[in-house]
Amino acid sequence: MKKYIIQKAPFVVPTTDGKLIEEHHGKVATQNDAISIAHMIAPAGWSEPFQTPEFEEYTYIISGKKQFIIEGDVVVLEAGQSIKIEAHTRVQYSNPFDEPCEYIAICRPAFDFNKVHRED
Numbered sequence: 269m270k271k272y273i274i275q276k277a278p279f280v281v282p283t284t285d286g287k288l289i290e291e292h293h294g295k296v297a298t299q300n301d302a303i304s305i306a307h308m309i310a311p312a313g314w315s316e317p318f319q320t321p322e323f324e325e326y327t328y329i330i331s332g333k334k335q336f337i338i339e340g341d342v343v344v345l346e347a348g349q350s351i352k353i354e355a356h357t358r359v360q361y362s363n364p365f366d367e368p369c370e371y372i373a374i375c376r377p378a379f380d381f382n383k384v385h386r387e388d
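Numbering of the sequence shown is given in the working numbering, commencing with residue 269 and proceeding in unit increments.
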């Protein structure tokens with residue numbers, strides 16, 4: 269039995285906001301509850317509601333810029349920068365800029381929609 273997994277066909281998460289989410293490893297793509305790794309492209313003008321997830325999230329920006337509102341602090345990252353946000357932290361992710369933002373998101377434990385706790 270091989271001790272590695274090569275992902276050639278990531279799970280494309282259905283969205284209604286124009287954001288591309290390709291889960292390479294995680295709950296859906298590889299039935300891994302410990303960690304999820306996703307490639308994402310957030311279109312210009314994209315945002316989502318505030319949330320307080322039960323998992324920590326690491327983000328690495330490949331291109332463009334992404335805005336984070338973290339417990340009242342506004343943080344903007346650009347290509348080549350990264351951030352770690354602790355679990356149980358209130359955060360909002362957005363791209364209020366004029367160009368798409370491409371990035372990698374890693375969640376530990378794996379992203380789980382039932383544990384993200386998005387506000388309405």
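In case anyone wonders, no lab produced these hints; they're calculated from the structure.
Since the model is a prediction, treat every value here as computed from it, not as a measurement.
Among these hints, one or two may not hold up.
Below, computed lysine-lysine pairings styled on DSSO-like, alpha-carbon distance capped at 30 Å [what the hints assert, rightly or not]:
1) K295 / K276
2) K276 / K352
3) K295 / K271
4) K287 / K383
5) K352 / K383
6) K276 / K287
7) K383 / K333
8) K352 / K271
9) K271 / K383
10) K383 / K276
11) K333 / K270
12) K352 / K333
13) K295 / K333
14) K295 / K352
15) K287 / K333
16) K271 / K333
17) K270 / K287
18) K383 / K295
Label pairs and their in silico Cβ distance ranges [stated by the list, open to error]:
19) E290 / V343: 35 to 41 Å
20) A355 / Y328: 26 to 32 Å
21) P311 / I337: 30 to 36 Å
Yeah, the Cβ is synthetic: ideal placement off N, Cα and C, and Gly gets one too.
*Has the given pair, K295 with K333, been kept, meaning a C-alpha gap of at most 30 Å?*
holds, 27 Å
*asked:* What's the verdict on K383 and K333, does the C-alpha distance respect the 30 Å limit or exceed it?
replied: holds, 26 Å
*Please work out if K270 and K287 have their alpha carbons no farther apart than 30 Å.*
violated, 34 Å
*CA of K352 to CA of K333, is that 30 Å or under?*
Within the cut-off at roughly 16 Å; holds.
*Could you check the hint for me, namely that E290 and V343 are 35 to 41 Å apart, CB to CB?*
violated, 24 Å
*Holds or violated: are the alpha carbons of K287 and K383 at most 30 Å from each other?*
Holds, because 20 Å separates the two Cα atoms, which is no more than 30 Å.
_Need the status of pair K295, K276: alpha-carbon distance at most 30 Å?_
Roughly 16 Å separates the two Cα atoms, so the pair holds.
*Straight-line alpha-carbon gap K271 to K383, limit 30 Å*: Satisfied, since the Cα-Cα distance of roughly 29 Å is no more than 30 Å.
_For K295 and K352, compute the direct alpha-carbon distance and say whether it is at most 30 Å._
Holds - the C-alpha atoms of K352 and K295 are around 20 Å apart, at most 30 Å.
_30 Å Cα cutoff - pair K352, K383_ = Holds, because 18 Å separates the two Cα atoms, which is no more than 30 Å.
*Is K271 within 30 Å of K333, Cα to Cα?*
Between K271 and K333 the Cα gap is close to 36 Å, so the pair fails against 30 Å, i.e. violated.
*Given the hinted pair K276 and K352, is their alpha-carbon gap at most 30 Å?*
holds, 27 Å
Hints 11, 16, 17, 19, 20, 21, counting from the list given before, are not met by this structure.
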